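Asker: With chain A fixed as given, assemble chain B onto it according to the hints.
Just so you know, the sequences run in chain order A and B.
Numbered continuously in my numbering, the first sequence closes out at residue 249.
Numbered continuously in my numbering, the second sequence closes out at residue 188.
There are no misleading hints in this set.
Cut-off 30 Å, straight-line C-alpha distance, at most; resulting in silico cross-link-like pairs (BS3-like, lysine-lysine): (1) B:K187 x A:K228; (2) A:K95 x A:K228; (3) A:K232 x B:K179; (4) A:K95 x B:K106; (5) B:K179 x A:K154; (6) A:K154 x B:K106; (7) B:K179 x A:K228; (8) B:K106 x B:K187; (9) A:K95 x B:K179; (10) A:K95 x A:K232; (11) A:K232 x B:K187; (12) A:K232 x A:K154; (13) A:K95 x A:K154; (14) B:K187 x A:K95; (15) B:K106 x B:K179.
It is worth saying that the hints were derived from the structure and are not from the lab.
Source: prediction; values computed, not measured.
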Amino acid sequence: MGLKASSEISMPDTGRTDGASGVDDASGVDGTDGVDDDMDDTHGMNGTDSADDLDDTTVMYVQPSVAGAAKILVVGPMGVGKTTLIGTVSEIKPLSTEATMSRAGARLDMPVRPTKSTTTVALDFGRITLGGELVLYLFGTPGQQRFLPAWKDLARGALGALALVDTRDLEASFDAIGHLEDLDVPFSVAVNSFPDSVLHSEDDLRSALDLLPHTPLVICDAREHKSSVKALISLVSHLIETVSEAT
Amino acid sequence: MIEPGEERTTAAVRPYVITRGRAGSSRDALPLETLVKSSGSALSPALQPEYRRIVRCCQGLLSVAEVAAHLGQPPAVVQVLLADLIDWGHIVARPPIRVAKRADMDLLRKVLDGLESKL
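Just chain A, same shape as in the assembly (with noise of 0.2 Å):
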């Protein structure tokens, strides 16, 4: 990621012009224009290179009645959607950052590089201010990197997972589900129809997936806004069966 020279704080680019000051209107739903994007991650990356042009005009700030957040992970393979379903549903434009994975965890995962010691996992994020005392934030992550540190650390306190799959390639999805299983994180299953995506009976795709009969599977479109929050609403619906069944 482009680290720049940290010199002295930098002023924000008076110069800048290019739309910076229509962000603080903070109307919210826009800033979710492009995001038919289906190379998520690769739009991630992009996204981190710009970070480094701070400017104040650009940060949008959480409401200070907010009170405390909570986070859900949005996992799934690379290219699934999930910056696009993020981007859809977040009221900030979806940030980029890299989360720094571990010499042991490097070890396991990387055998192609085994000298480099640490190396980093995308994390696309958005956030949802709800009843204006909460703020959800929607961490998006790949999963398929197993032991992963960095991943336990983000699924510690979240509420739950919403794991996009893919119909054309449901085997891409199998180490996302199968590490929420691990780590004992409740999710919901949410099947991205992209415009060529194979139709399954939902009996096929959860035999394929092999998912609890409890687990919800809905099928979304991460570009649609109502979709997304639907998909979402499955989730937290879920969560809340699955405490009221406990007690």
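Answerer: Positioned in the frame of chain A, the structure of chain B alone reads:
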């Protein structure tokens, strides 16, 4: 592997140097969704630029993840620097609302209601 006397000035190294190797020790890492804000206290002129940039970024409430993304710094580094700033009273934090054994019905209902209001 820095040779004795060798001066590393590249910024890619510096954030890790300033954390004195603490980045990545995830045991007590500040969760990424922790909300932080500048306390408004006066900063010592001796405070290093990396810390100042963070305080400047935190004029309003932001999550640790957002601070890292806006500054283009690895979260592992920002987590450590923010923890220092919290210790020194320059930053105040609102810890994340965690579900105690995921049985916090109130919180889940608030999330559900909030999401439904977005439809």
